Amino acid sequence: MKIVIIFGTESGTAEFVANDLADAIRDADEGIEVDVVDLADQPVDALDATAFHLVVCSTYGDGELPASARPFYDALQAETPDLTGLRYAVFGMGDSSYVDTYSHGSEIIDQALRERGATREGEYGRHDASGRDQASDVALVWLEGIRQDVLAPLTTK
Amino acid sequence: MVTVAIIGSGPAGCYTAQFLRKRRPDAEITIFDRLPVPFGLVRYGVAPDHQGTKAVTRQFDRLFEREGVRFAGNVEVGVDLTVAELEEAYDVVVVATGLDSDRRLGIPGDDHPLITGAGRIVRQVNGHPDAGDDVIRIGRRVVVIGNGNVAIDVLRMLLKPLDAFTDSDVDDHVLAELRGGGLEHIDVVGRSPIDRAKFDPVFLRELKGLPGVRFEVDEPVVEDSPVADVVRGLVAESDREAAVSVSFRFGYRPVAVVDTDQGCAVSFAAADARELTLAADSVITAIGFEHGANRLYPHHAPGAETISPAPRTYRTGWYRRGPRGTIPENRVDAREVADVIADDIDAGVVGVHRRGWAALPSSIEDKAVDFEAWRAIDAVEVGRARADRARHKITDREELLRIAADAALSVQGKTQEH
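These protein sequences, in sequence, are chains F and X.
Per our numbering, the first sequence starts with residue 6, numbered consecutively.
Per our numbering, the second sequence starts with residue 34, numbered consecutively.
Treat the hints as calculated values from the structure; they're not laboratory data.
Some hints could be false.
As the list claims (entries may be wrong) - Label pairs and their in silico Cβ distance ranges:
| # | chain 1 | residue 1 | chain 2 | residue 2 | range |
| --- | --- | --- | --- | --- | --- |
| 1 | X | E362 | F | D79 | 31 to 37 Å |
| 2 | F | A45 | X | R408 | 31 to 37 Å |
| 3 | X | A418 | F | A29 | 26 to 32 Å |
| 4 | F | D79 | X | D143 | 22 to 28 Å |
| 5 | X | E256 | F | T85 | 34 to 40 Å |
| 6 | X | E369 | F | E38 | 30 to 36 Å |
| 7 | X | E362 | F | P158 | 32 to 38 Å |
Unchecked claim - Non-contacting residues of chain X with respect to chain F, defined by C-beta distances greater than 12 Å in every case (computed):
| # | residue |
| --- | --- |
| 8 | K87 |
| 9 | A117 |
| 10 | D233 |
| 11 | V235 |
| 12 | D251 |
| 13 | E362 |
| 14 | R368 |
| 15 | P394 |
| 16 | R417 |
Since we're looking at a predicted model, the values are computed, not measured.
Ideal Cβ positions, reconstructed from N, Cα and C, are used throughout, including at glycine.
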């Protein structure tokens with residue numbers, strides 16, 4: 006099977022996490038093919054519904070999308086592609102000192118994907134930059150859950 | 034193999050190294066810093082209670098740990114090593130030294146001893162080794178000049194309850210000293226009208242809910258803008274009985290600072306000829322940053338954003354573009370600069386024959402603090418922090434160097450065992 010990790014980043018941390026997730030999946034050596042793609046380089050009409058997607062996305066400013074996710078979001082709105090059959094899980098990043106808008110960036114992408122017919126599966130992962138845990142550590146724990154709950158049933162089918 | 038020297042290990046230097054590494058996996062990259070510790074503005078210029086922003090260092094760690102970038106701390110280009118020596122040793126030199134001096138008011142009396150730059154205060158509460166032991170005491174009445182995000186950082190440092198600095202890396206001793214004067218009132222004065230004030234509303238909103246603080250404006254806010262909305266909210270929701278008050282005053286430019294019996298007084302003028310004079314025990318300026326006296330390459334035009342002002346020499350971050358833009362914006366900038374450098378290397382514009390680190394005098398290798406040694410310092414600082422702090426920074430340069438030297442010795446010891 007194939008996993009595509011798409012990330013939206015402003016400071017580079019989401020990209021960093023995306024690469025760590027990819028390394029973990031490759032290291033597990035289960036024959037899963039992994040691609041890491043910046044949302045800025047992902048055309049909305051070329052999303053591969055046969056692959057499971059991991060969306061890693063940070064939050065910027067007043068609960069807004071990070072820079073690299075904005076063109077993707079705009080294209081989803083403008084081109085309204087039919088994403089029925091596309092399955093994904095979300096790992097959102099934010100800073101809980103901004104109480105009202107914590108982790109909103111990923112939620113904007115999540116909602117836009119669902120509105121186009123895609124299906125979110127598994128636990129919604131979150132990392133809080135104000136906490137003491139490193140983003141990648143939290144993401145790897147989240148990935149374990151996704152593997153058990155979502156990916157394992159897929160591979161055994 | 035191309036050799037690259039980057040001067041400055043702040044976000045501009047680290048991001049540039051990151052993107053350069055992606056384009057040139059074979060490059061020998063050294064990041065120099067005049068301090069024994071890395072990360073520049075992230076460690077010393079980002080407010081200590083913004084740990085989320087400081088967490089960007091975790092991606093920079095990886096440069097040094099896994100991507101073969103060398104950290105050479107405690108090496109000051111221009112002092113330990115001349116620019117000419119560096120250029121002789123490396124194919125490419127990238128200047129990423131930022132802007133380290135608070136911009137002065139440029140008005141009569143702007144050298145008054147009660148005036149302090151906000152950057153200096155942020156460095157002090159961040160435990161900067163060169164910020165000086167003479168921590169100012171702000172006194173009862175403070176005038177803050179400037180309406181940008183650094184002014185908000187200062188307000189938080191002065192107004193937030195001490196027990197609200199949980200998990201920060203604030204220098205508690207400095208903070209207590211700074212606030213020890215029995216603060217009663219802060220005037221926050223900006224040149225722009227409220228709807229054009231540079232405050233980021235997200236930052237400004239962090240002032241909401243501060244206990245014991247009453248916010249006021251000198252005239253009713255009728256404008257409609259994100260900043261005006263937040264200010265209106267601050268005023269409406271703040272505690273009327275609070276012991277400390279903060280007045281926002283928009284549209285005044287400072288005219289002069291004069292000495293008075295009690296302290297000093299700052300006079301201001303508005304566009305409509307209104308005047309204002311505020312007495313103060315201390316004045317904090319937060320009107321931007323500029324080049325300090327020790328600027329490298331003084332002949333490069335200050336305003337121009339040229340990436341490569343001379344052959345093989347490149348500029349990145351605030352040093353190139355001036356004091357504008359957040360850390361993420363500087364990432365975008367760094368990518369552009371790294372692409373220009375990599376394109377120049379690909380095109381043969383930059384000769385690839387200098388030996389880099391190996392060409393430097395051995396005195397540099399002897400005094401340089403490497404990343405392993407920084408990790409030893411890091412471990413000591415984290416270990417010394419009280420339970421509700423993320424880190425207790427060491428401010429004494431000698432002590433930093435001592436820990437680094439011990440770490441280097443123990444590494445040597447280990448290698449000899451094999």
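X/E362 remote from chain F - nearest C-beta pair above 12 Å
violated, 9 Å
Beyond 12 Å from each Cβ of chain F, as asserted for X/R368:
violated, 10 Å
Within 34 to 40 Å or not, the Cβ separation of X/E256 and F/T85?
At 38 Å between Cβs, range holds.
Cβ separation check - X/D233 to all of chain F, threshold 12 Å
Non-interface label on X/D233 violated, nearest chain F Cβ at 8 Å vs cutoff 12 Å.
Assuming the hint says 30 to 36 Å, is it satisfied by the Cβ distance from X/E369 to F/E38 or not?
The hint (30 to 36 Å, Cβ to Cβ) holds, given that X/E369 and F/E38 are roughly 32 Å apart.
Quick check on a hinted range of 22 to 28 Å for F/D79 and X/D143, using CB atoms only.
Hint violated: Cβ distance 46 Å, outside 22 to 28 Å.
Least C-beta distance between X/V235 and chain F, which was stated to exceed 12 Å
violated, 5 Å
For X/K87, which was marked as not at the interface, is the minimum beta-carbon distance to chain F over 12 Å?
Nearest chain F Cβ is 9 Å from X/K87, so the label is violated.
According to the definition I'm using, a residue is off the interface if its beta carbon is farther than 12 Å from all beta carbons of the partner; does X/D251 meet that for chain F?
Since the minimum Cβ distance to chain F is about 27 Å, X/D251 lies beyond 12 Å and the statement holds.
Is 32 to 38 Å right for how far apart the beta carbons of X/E362 and F/P158 are?
Cβ of X/E362 to Cβ of F/P158: about 43 Å, so the range 32 to 38 Å is violated.
Between X/A418 and F/A29, is the Cβ distance one that fits in 26 to 32 Å?
Hint holds: Cβ distance 30 Å, inside 26 to 32 Å.
Evaluate the given range 31 to 37 Å for the C-beta pair formed by F/A45 and X/R408.
The hint (31 to 37 Å, Cβ to Cβ) holds, given that F/A45 and X/R408 are roughly 33 Å apart.
Violated hints, listed in ascending order, are 1, 4, 7, 8, 10, 11, 13, 14; each of the other numbered hints is respected by the structure.
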